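K.L.:
In case you want the letters, here they are:
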Amino acid sequence: MKSILFISLVVLFASCQSKEEIMHQQYVVEGRSIYEKNCANCHQSDGSGLRDLYPALAKTDLWKRVSSQQLVCIIKQGQKGEIKVNGKSYSGYMPANTKLEAIDMAELVTFMKDSWGDKKIYTFDEARAALKNCP
Amino acid sequence: MQLKPIALSILLAISLFIASCQEKKSLPFLGPKDTHLVGGKVDTIYHQIPPFRFLNQDSTWVSEKDMAGKIYIADFFFTSCPTICPKMKTQLLRIYERYSANDQIRILSHSIDPAFDTPSVLKEYADRLQVKAPRWNMLTGDKAAIYKLGEKSYMVTAQEDKNEAGGFVHSGAFILVDKNRHVRGIYDGTQETEVNHLIEDIEILLQEK
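These protein sequence lines map, in sequence, to chains A and B. Remember, this note's numbering sits 2 above the position in the first sequence when you count from 1. Remember, this note's numbering sits 10 above the position in the second sequence when you count from 1.
No lab work stands behind these hints, which were simulated from the structure alone. Note that the coordinates shown come from a computational prediction; the quantities given were computed from them, not determined experimentally. Do not take every clue at face value.
Pulled from the structure, derived: some chain A residues nowhere near chain B, Cβ distances all over 10 Å [to be verified]: (1) L52; (2) D54; (3) L55; (4) K86; (5) V87; (6) M96; (7) I105; (8) I123.
Computed spacing ranges between beta-carbons, pair by pair [said to hold, decoys possible]: (9) A:K90 / B:W71: 54 to 60 Å; (10) A:C136 / B:A154: 37 to 43 Å; (11) A:D63 / B:Q217: 33 to 39 Å; (12) B:K75 / A:K134: 40 to 46 Å; (13) B:P144 / A:S47: 29 to 35 Å.
Derived PhoX-like pairs: lysine-lysine, alpha-carbon spacing no greater than 25 Å straight-line [stated by the list, open to error]: (14) A:K86 / B:K133; (15) A:K61 / B:K172; (16) B:K133 / A:K78; (17) A:K82 / B:K43; (18) B:K172 / A:K86; (19) A:K122 / A:K66; (20) B:K97 / A:K90; (21) B:K172 / A:K101; (22) A:K82 / B:K189.
Even for Gly, the Cβ is constructed at its ideal location relative to N, Cα and C.
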């Protein structure tokens, strides 16, 4: 009897605590598949990039330098011209991902932050606001 | 129970047969074949890549003569391609690295956007990929000639298409060509497992006399 009580307490506690955590995990899972479809061809599944052609995302200064809002706009609009990642220069271009909507962005950025950044969730509301405010 | 001599010899024959099948693994000749009579004997003429001439990333002409006695892998791409090309290049890099010390192996990557992919653009691309001619030639030249070679000879699609991301539609195929310019295999260059298969087939070709 005691043990049943204990188990149900644990279950209750776990489910309460993880309400937000479950959503975070869902975003990470969805975000991973969006990443695989739209980003991994160039940046690779593990974010290591391709030599000097396509910059890495993993273990880079991007996560300190570029805000999530900026990141959303770069993904949405693409990028041209020279950029620097970890001090190395890249001059290719990144195509615009015009089909990605706010929910996709929230999931994608959450996955990337979870893998390489500060591991915080990037919410749908934040993503929607970011998309509205892109230059 | 004891096996009778006949049963035993049948068993032996079967296992020999299986063993010989496995040993004689060889690659098919792909593409249209032609036959003609030579001195009363039927001779098969296999599909062969016709002569070609393109500029590579070092602004050097590369022709079929440079491929004499070489096994090569051909593909079609363009440097500004946002879709499957990076994946194909990741896979080709595996082949390039694996055979970096083998002078019998070449890679020919043909640009299907030659107007933009000039030798200097290809040079920058190859440099950033850290690969060099003649082991890996990035080729550009007459657009019609490249498209025709792709479709008629390598049997893959390569076309302009305004609706496609990047403006071109092309297959992600790798074409394996032997030392006599016969096509011996076509593989999906975007799939790691398919490229493993290609590497196995290169090994078979290397054994061919």
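K.L.:
Compare the structure with each hint and give your call.
P.N.:
Outcome of the hint check:
1. Here L52 (chain A) does not stay apart from chain B, with its beta-carbon only about 6 Å from theirs, under the 10 Å limit.
2. The Cβ of D54 (chain A) does not lie farther than 10 Å from every Cβ of chain B; its closest approach is about 4 Å, which violates its non-interface assignment.
3. With a cut of 10 Å on Cβ distances, L55 (chain A) falls inside the contact zone with chain B, its closest approach being about 4 Å.
4. In this structure K86 (chain A) is separated from chain B by more than 10 Å, as the shortest Cβ-Cβ distance comes to about 14 Å.
5. No beta-carbon of chain B comes within 10 Å of the beta-carbon of V87 (chain A); the shortest separation is about 13 Å.
6. The claim that M96 (chain A) is not at the interface with chain B is violated, since a C-beta of that chain comes within 10 Å of its own (minimum 8 Å).
7. Every beta carbon of chain B lies more than 10 Å from that of I105 (chain A), the smallest distance being close to 22 Å; the non-interface claim holds.
8. Distance check on I123 (chain A): its Cβ is at least 29 Å (rounded) from any Cβ of chain B, clearing the 10 Å threshold; non-interface status holds.
9. The supplied range of 54 to 60 Å is broken by K90 (chain A) and W71 (chain B), whose beta-carbon atoms lie about 33 Å from each other.
10. Checked against the hint of 37 to 43 Å, the pair C136 (chain A) and A154 (chain B) passes, with Cβ atoms roughly 41 Å apart.
11. With their beta carbons about 49 Å apart, D63 (chain A) and Q217 (chain B) fall outside the hinted range of 33 to 39 Å.
12. Checked against the hint of 40 to 46 Å, the pair K75 (chain B) and K134 (chain A) fails, with Cβ atoms roughly 60 Å apart.
13. Our hint of 29 to 35 Å for P144 (chain B) and S47 (chain A) holds, since their Cβ atoms are close to 31 Å apart.
14. Using a Cα cut-off of 25 Å, the hinted pair K86 (chain A) and K133 (chain B) holds, with the two alpha carbons roughly 20 Å apart.
15. Our distance criterion of 25 Å between C-alpha atoms is broken by K61 (chain A) and K172 (chain B), whose separation comes to about 37 Å.
16. Distance restraint check for K133 (chain B) and K78 (chain A): the Cα-Cα separation of roughly 29 Å exceeds the 25 Å cut-off, and the hinted pair is therefore not satisfied.
17. A hinted pair counts as satisfied when its Cα atoms are at most 25 Å apart, and K82 (chain A) with K43 (chain B) does not qualify at roughly 48 Å.
18. A distance of roughly 31 Å separates the Cα atoms of K172 (chain B) and K86 (chain A); the hinted pair therefore is violated under the 25 Å criterion.
19. The hinted pair formed by K122 (chain A) and K66 (chain A) meets the criterion: a straight-line CA distance of about 13 Å does not exceed 25 Å.
20. Taken as a hint, the K97 (chain B) and K90 (chain A) pair is honoured in the structure, with Cα atoms around 22 Å apart against an allowance of 25 Å.
21. Distance restraint check for K172 (chain B) and K101 (chain A): the Cα-Cα separation of roughly 17 Å lies within the 25 Å cut-off, and the hinted pair is therefore satisfied.
22. A threshold of 25 Å between alpha carbons decides the hint, and for K82 (chain A) with K189 (chain B) the separation of about 42 Å lies outside it, so the pair is violated.
In the structure shown, a violation is registered for the earlier hints numbered 1, 2, 3, 6, 9, 11, 12, 15, 16, 17, 18, 22, in ascending order.
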